[in-house]
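As a plain string of letters, each chain reads:
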Amino acid sequence: MILGYFGAGALLAGLVLGGFAALLSFWAGWRQAPLFIQVGRRAFYAATAMVLLAAVVLEAALVTHDFSLVYVAEHTDLSTPTALVVAGFYGGQEGSLLYWTLILGLLGSASLVASASLGGRVGAYAAGILAAILSFFLFVLAVVASPFELLAITPPDGLGLNPVLRDMGMLIHPPVVLAGFAAFAIPFSFACAALLAGRADAAWIRHTRRFALLAWGLQTTGLLLGMWWAYHVLGWGGYWGWDPVENVALMPWLATTAYLHSSQVQERRGRLRTWNLGLVILAFLLVVFGTFIVRSGVVPSVHTFAISAIGPWFLGFLGACLLFSVVLLALRSGNQGAVAERETPVVSREGAFVLQNLLLIGAVAVVFWGTVLPLVSGMFGGERVVGAPYYERAAGPLFAGLLALLAVGPLLPWRRLRRATYRALLWPAAGLALALVVLVVAGVRAVPALIVFPLAAGVAATVLAEFVRTAIRKPRAILRKRRHYGAYLAHLGLAVVVIGIAASHFGQQEKDVTLQPGQQATVAGYTLTYTGLQQRQLADHADFVAAMRFGDQTLEPSRATYAGLGGQALTHVAISTTPIADVYVVLADTGADGSATFRIFVNPLVVFIWAGGAAIVVGVVLGSVGEAGPATELARRRIPATLPA
Amino acid sequence: MLFLRWGLPGLVVAGCVGYLILSASGGSAEYYLTVSELRTHTHAGDVRVAGVVQNDVQKSDGGLHVTFTEKDGTASVPVDYSGPLPDIFKPGITVVVEGKLGGDGVFHARTLLAKCPSRFSTQPYTS
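For the record, the sequence lines run as chains Y and A.
Using the numbering used here, read the first sequence as starting at 140 and increasing by one per residue.
Using the numbering used here, read the second sequence as starting at 558 and increasing by one per residue.
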């Protein structure tokens with residue numbers, strides 16, 4: 140009870156401090172008053188401290204089973220394992236918003252501390268915008284969806300966490316995704332601040348890029364963990380279903396991927412400034428839009444989140460952000476003088492980045508349209524929905540184009556083609572041709588497979604040739620130019636991910652079988668023997684295990700029944716991973732005579748997705764520690780640092 | 558000149574994306590209907606229908622084949638589906654079936670998705 144009052148008080152104090160920080164920072168930035176800029180910034184830190192306090196209070200209420208709080212009672216019970224009680228903090232609507240606000244405050248504070256080189260004005264406006272966003276979240280938390288709401292009568296036990304979420308993946312997937320979402324607010328704030336202050340120089344690019352890379356890295360990890368979780372827990376044999384919840388996490392990722400590449404054109408050549416600002420802003424708007432879509436239930440999704448009153452508030456917030464940034468871009472970006480300076484051939488590194496950006500934004504448009512179609516078509520008569528075939532047909536060619544660029548783009552020089560370029564292009568060409576020949580000889584005739592695999596091989600050849608060349612000539616450069624080689628590693632990882640996705644997509648086989656103990660089933664050359672059914676009683680659930688012998692392993696697909704939750708059932712998939720394929724067994728039903736019905740999938744090369752994903756994340760981490768970007772050319776060429784106001 | 562070099566490729570890509578979106582959504586968009594709308598719906602092709610599972614679930618074929626009645630307000634339709642059922646499938650929950658209404662008046666579902674009442678919480682307390 141007392142914890143509830145304490146937490147709600149902390150949220151209110153945070154709201155007041157956040158609002159004060161926003162108003163003061165804008166005013167101080169406008170008046171260029173260093174003292175008040177400092178005060179505004181510290182008010183932001185203080186608001187963050189209040190959010191941290193509220194988070195600690197909520198966590199304390201969860202761990203001590205204080206069921207006087209609605210949130211604690213609805214998301215945990217006495218039988219929930221402690222690790223999951225702790226995870227209950229971000230397992231529900233209100234708590235996840237509080238977690239998001241906390242990450243926003245912490246990363247926002249870090250970005251403000253790191254912004255000293257940007258000049259007082261940009262820092263002040265960024266603090267103001269960050270504080271305004273933080274205040275919006277605190278307002279929603281304090282007024283609309285409070286995690287500290289109290290029950291009139293304290294129940295003896297809670298309702299418990301949904302069994303689907305009682306999984307170790309649940310401990311790491313949501314916090315990473317939510318942290319990624321929160322992180323997109325930082326590049327957005329600094330982009331808008333740069334527009335307001337009329338200043339986007341080399342220091343600004345470095346700062347914004349660093350935090351955009353952080354958001355991108357978190358989002359990449361979050362998407363991969365989500366795929367991993369869906370594959371291992373949901374038991375439908377796949378990892379990506381083009382559900383709105385997945386789409387809204389993918390769109391800001393695509394937009395930020397575009398930014399991370401096009402920002403290099405600005406670093407090197409001082410171009411595409413407005414475009415880059417637009418991309419950073421777009422990524423954040425997509426995050427807010429996604430939050431609105433997912434949490435308001437306006438589009439049909441398998442994942443219906445607890446629908447609550449926050450939907451309209453996020454719609455209003457989206458409208459305000461959209462208006463603010465569009466007006467700002469229209470009024471302040473101006474015409475960039477640098478563009479007309481000298482013509483650049485279309486076939487160049489710059490050209491490759493521009494085309495890559497267009498394709499990525501095209502992919503965002505495809506995903507966006509697929510996500511909002513039910514909403515739009517619902518307004519004009521019959522509500523219509525699209526499924527995976529739409530995304531494959533519409534986004535597939537764009538992704539193939541991106542893959543081709545990934546093979547060729549890194550080899551194109553800045554500005555002008557040289558003869559050496561043609562020689563370098565032999566590597567991806569050789570990789571592509573080799574893969575094509577191998578596939579055709581192996582009897583693959585499906586056109587999409589004959590496009591995707593050779594292109595991915597071309598990408599890998601480009602990266603590997605670069606690594607080998609450097610390792611022979613000047614091996615220490617690999618460690619020195621970490622950002623460059625980190626990016627190459629991420630490219631290689633992406634090629635591996637693409638191979639895994641394509642193989643499991645084109646090559647998946649499935650079979651439904653009902654077996655008596657001792658009987659066998661064979662799928663795609665893998666033979667499994669059903670050995671029998673056992674029942675096990677665990678702390679919070681009972682398990683029906685249908686054991687299968689596979690080689691010298693025993694697979695144990697099972698169905699759990701949670702007595703505490705009205706007998707809700709949960710299927711546990713059994714997966715045997717080999718480098719070639721995953722054997723994925725789902726227990727569909729059990730008969731009274733000891734028979735069991737299985738759906739068995741053979742998913743080729745799924746392990747490539749996780750391995751390639753890990754390589755991408757390692758590449759991002761390597762590329763973001765230590766080395767400053769090549770933001771030197773701007774300074775050398777004396778491109779004016781200020782935007783024309 | 559600048560337009561020819563950079564604007565034109567931009568327009569070409571935008572045109573391609575527009576074409577891809579239109580052709581793909583035209584070909585594969587499905588109507589999302591209520592059970593009562595299903596009766597009057599004439600458009601050929603698969604549709605998705607949401608409704609509540611009634612208390613007449615019949616399983617056969619080792620639990621991989623199921624028939625039940627789906628109801629929504631006053632209208633109802635018999636559904637026939639083959640495949641593994643979602644964990645939370647039972648009478649009383651809302652499901653979304655994807656498939657076609659056959660000439661026999663039975664909805665032949667290709668996929669069946671359960672709509673979790675809430676993914677996050679179980680059932681809300683009323684305070």
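Just so you know, the hints here were simulated from the structure itself, not pulled from any lab data.
It is possible that some hints are incorrect.
Stated by the list, open to error - Quick list of in silico lysine to aspartate or glutamate cross-link-like pairs, DMTMM-like style, CA-CA up to 25 Å:
| no. | chain 1 | residue 1 | chain 2 | residue 2 |
| --- | --- | --- | --- | --- |
| 1 | A | Lys616 | Y | Glu531 |
| 2 | A | Lys657 | Y | Glu695 |
| 3 | A | Lys657 | Y | Asp732 |
| 4 | A | Lys647 | A | Glu594 |
| 5 | A | Lys647 | Y | Asp682 |
| 6 | A | Lys616 | Y | Glu695 |
| 7 | Y | Lys650 | A | Asp637 |
| 8 | A | Lys647 | Y | Glu531 |
| 9 | A | Lys657 | Y | Asp682 |
Right, here's what the structure says about each hint:
1. A:Lys616 x Y:Glu531: Distance ~34 Å between lysine 616 (chain A) and glutamate 531 (chain Y) Cα, so the pair is violated.
2. A:Lys657 x Y:Glu695: Between lysine 657 (chain A) and glutamate 695 (chain Y) the Cα gap is close to 36 Å, so the pair fails against 25 Å, i.e. violated.
3. A:Lys657 x Y:Asp732: violated, 35 Å
4. A:Lys647 x A:Glu594: Holds, at roughly 24 Å.
5. A:Lys647 x Y:Asp682: holds, 19 Å
6. A:Lys616 x Y:Glu695: holds, 24 Å
7. Y:Lys650 x A:Asp637: holds, 19 Å
8. A:Lys647 x Y:Glu531: At roughly 32 Å apart (the allowed maximum being 25 Å), glutamate 531 (chain Y) and lysine 647 (chain A) break the hint.
9. A:Lys657 x Y:Asp682: violated, 36 Å
Figure legend: structure checked against the earlier numbered hints; hints not met, in rising order: 1, 2, 3, 8 and 9.
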